[in-house]
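Quick mapping for you: the protein sequence lines, in order, are chains A and B.
Quick note on numbering: our numbering labels position 174 of the first sequence as 174, and the sequence is numbered without any gaps.
Quick note on numbering: our numbering labels position 97 of the second sequence as 97, and the sequence is numbered without any gaps.
The hints are simulated quantities; they were obtained by calculation from the structure and are not laboratory data.
Even for Gly, the Cβ is constructed at its ideal location relative to N, Cα and C.
Among the hints, a few may not be true.
[Claimed, not checked] Quick partial rundown of chain B residues pointing at chain A, CB under 8 Å, derived from the structure:
no., residue
1, Phe-8
2, Lys-11
3, Thr-201
4, Thr-349
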Amino acid sequence: MYHELNDMIVADKLTKTFGDFTAVDAISFEVKKGEIFGFLGANGAGKSTAMRMLCGLLQPSSGSARVAGHDITRQSEKIKQTIGYMSQKFSLYEDLTVKENMRLYGGIYGMNLTAIKAKTASIASALHLQEELDTLVGSLPLGWKQKLAFSVAMFHSPPLVFLDEPTGGVDPVTRREFWELIYAAAHEGTTVFVTTHYMDEAEYCDRVCIMVDGKIQALDKPGALRQMYNTNSIEGVFLQLARTAKRMAD
Amino acid sequence: MLQQFRAFVKKEILHIWRDKRTLFILFGMPIVQITLFGFALTNEVKNASIAILDPAKDEMSAKLTSRISASRYFEVERVIVSPSQIDEAFRTGKIKMAVILPPRFSEELLHTNTATVQFITDASDPNVATTLVNYASSIIHDYQQEITQSQLPYTIHTETRMLYNPQLKGAFNFVPGVMAMILLLVCTMMTSISIVKEKETGTMEVLLASPLPPLLIIIAKAIPYLILSFVNIASILLLSVFVLELPIAGSLALLLAESILFTITALTLGLLISTITASQQVAMLISLVGMFLPTLMFSGFMFPIENMPLPLQIISNIIPAKWYYIIVKAVMIKGLNFSFIWKETLILTGMTLLLMALAVRKFKVRLD
Numbered sequence: 001m002y003h004e005l006n007d008m009i010v011a012d013k014l015t016k017t018f019g020d021f022t023a024v025d026a027i028s029f030e031v032k033k034g035e036i037f038g039f040l041g042a043n044g045a046g047k048s049t050a051m052r053m054l055c056g057l058l059q060p061s062s063g064s065a066r067v068a069g070h071d072i073t074r075q076s077e078k079i080k081q082t083i084g085y086m087s088q089k090f091s092l093y094e095d096l097t098v099k100e101n102m103r104l105y106g107g108i109y110g111m112n113l114t115a116i117k118a119k120t121a122s123i124a125s126a127l128h129l130q131e132e133l134d135t136l137v138g139s140l141p142l143g144w145k146q147k148l149a150f151s152v153a154m155f156h157s158p159p160l161v162f163l164d165e166p167t168g169g170v171d172p173v174t175r176r177e178f179w180e181l182i183y184a185a186a187h188e189g190t191t192v193f194v195t196t197h198y199m200d201e202a203e204y205c206d207r208v209c210i211m212v213d214g215k216i217q218a219l220d221k222p223g224a225l226r227q228m229y230n231t232n233s234i235e236g237v238f239l240q241l242a243r244t245a246k247r248m249a250d
Numbered sequence: 001m002l003q004q005f006r007a008f009v010k011k012e013i014l015h016i017w018r019d020k021r022t023l024f025i026l027f028g029m030p031i032v033q034i035t036l037f038g039f040a041l042t043n044e045v046k047n048a049s050i051a052i053l054d055p056a057k058d059e060m061s062a063k064l065t066s067r068i069s070a071s072r073y074f075e076v077e078r079v080i081v082s083p084s085q086i087d088e089a090f091r092t093g094k095i096k097m098a099v100i101l102p103p104r105f106s107e108e109l110l111h112t113n114t115a116t117v118q119f120i121t122d123a124s125d126p127n128v129a130t131t132l133v134n135y136a137s138s139i140i141h142d143y144q145q146e147i148t149q150s151q152l153p154y155t156i157h158t159e160t161r162m163l164y165n166p167q168l169k170g171a172f173n174f175v176p177g178v179m180a181m182i183l184l185l186v187c188t189m190m191t192s193i194s195i196v197k198e199k200e201t202g203t204m205e206v207l208l209a210s211p212l213p214p215l216l217i218i219i220a221k222a223i224p225y226l227i228l229s230f231v232n233i234a235s236i237l238l239l240s241v242f243v244l245e246l247p248i249a250g251s252l253a254l255l256l257a258e259s260i261l262f263t264i265t266a267l268t269l270g271l272l273i274s275t276i277t278a279s280q281q282v283a284m285l286i287s288l289v290g291m292f293l294p295t296l297m298f299s300g301f302m303f304p305i306e307n308m309p310l311p312l313q314i315i316s317n318i319i320p321a322k323w324y325y326i327i328v329k330a331v332m333i334k335g336l337n338f339s340f341i342w343k344e345t346l347i348l349t350g351m352t353l354l355l356m357a358l359a360v361r362k363f364k365v366r367l368d
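Construct the entire structure; sequences and hints are all you get.
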């Protein structure tokens, strides 16, 4: 009944509690196909928990959600085949080479060797990594690693990709380049769900959702939000909302 | 599915292969241990302190005792005069063996053509005890040959008493013990570390968000270590057969099958440890303190379980390595077949299944 053809994600009163603590408090929203959807919030606001539920990594305590038409409680295996996921921590194997990492993830997602080779070549040329294919990932600079991690999350060309604070600890130039990759992916039709606590990055999203203390406090296009809260940046919006927060950052 | 599996196993093998230092330790350790233990235990015994009780003090007995004391294997610590002194000398650890001649050695030999010499040894170190008895017997045998040449055949019987450890338990027992230790180290410690490492670096989260079934992750992680263990078992057996000259008395197939069973036990233990720990250091510590030390102490390999206080004997029963050790000893050294070890095998299998059920239950399919 929630599922519409145009919606990639439909969440309905999605809730996660850990003991007495309500990490995510009955959030409801939709993400449209091909959209770049930004999930903003301070540390501990519940962004990552919400995202993990949508990826099928965590069971919701109550409420429901459908991702690409699949129910997150009962069809998490189907969801896992549909999505790409980039975790907060750097998640490539540092003791494997660039090529070996790609082979592994391609293999895990059931791609055949020809497809893996073609994709490896296209990523290498897009990231200018042709010379580094046989280099151990551990010896690459951080900026490259992050871009590579994104490309690996996108390796099996998923229609929907989840990025959990993908630009943490990365310099501004690399962040810029990283967002160009996200744009390119969105341009190809991929839906991008991205959490961040960099407010400037929110401006790059089609729509942003601001979470405070596990609840959604605002959800709209960046421009509309600025207007509504009468400031000239998303940071201004965020600060007005975050002032109401009671939860301590972790 | 098969392709996913292959890609994952290949990755695991690469992890192990890239870590040359660990690889070297894993392959080198069994060789070093077997060689060290082997040579520490099988080296010939020189200048062992012994006591001689010669109540006869006649010509023939004097010749015999001087032969023994002239040997480079023995050092006559004291010549004792009464049997009551023997006990005390053993208890204070001054002597390793006592040679006791009959009161009328020459007379017996000349009139009845036979005499009996008794050896009493401290068999708490069984290898040394048997070696000493062998040396002493051959000296007496030589002497007997010599005196037989001119006259009628004389026979000097030898009678041996192994003190403290009459069944000579402990000889070569270290080979099964080393096997148990190596398997535990390779499988339990390495598997737990390799899983916890993925948790630590965050790659586990990505794997769980992928369509890889968690069970497949576990099995794929276990396979390279299973192979590695097999190589280790093979190298230990080869060394013990060809270097230590300890033949495999029982069936090799049975021995290998039981070893695979124990390898699976060890892998399961590793998995269980990985589910309850979050850092590689903790995993290593639990593997060493929680698995390795009890194995060393309670498997019966270093310290005989029979000599332990009852509570410790009871505790030893929950150590899986104890049962594996009993099985390997039975098959490899005593040459027994399956009908003698089915009970131990059943216990080990039961333990493994129990641990496996526990580990799979605890292995977090989801991150909560």
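- Is the shortest C-beta separation between Phe-8/B and chain A less than 8 Å? Holds, because the Cβ-Cβ distance from Phe-8/B to chain A comes to roughly 7 Å (cut-off 8 Å).
- Query: Is the interface hint for Lys-11/B satisfied, with its Cβ closer than 8 Å to some Cβ of chain A?
  - Reply: Status holds, d = 5 Å.
- Message: Given Thr-349/B as an interface hint, is its Cβ closer than 8 Å to any Cβ of chain A?
- Response: Violated: closest Cβ of chain A sits about 32 Å from Thr-349/B, beyond 8 Å.
- With a cut-off of 8 Å on the beta carbons, see whether Thr-201/B makes it to chain A. holds, 7 Å
Against the hints set out earlier in the document, a violation occurs for number 4 only.
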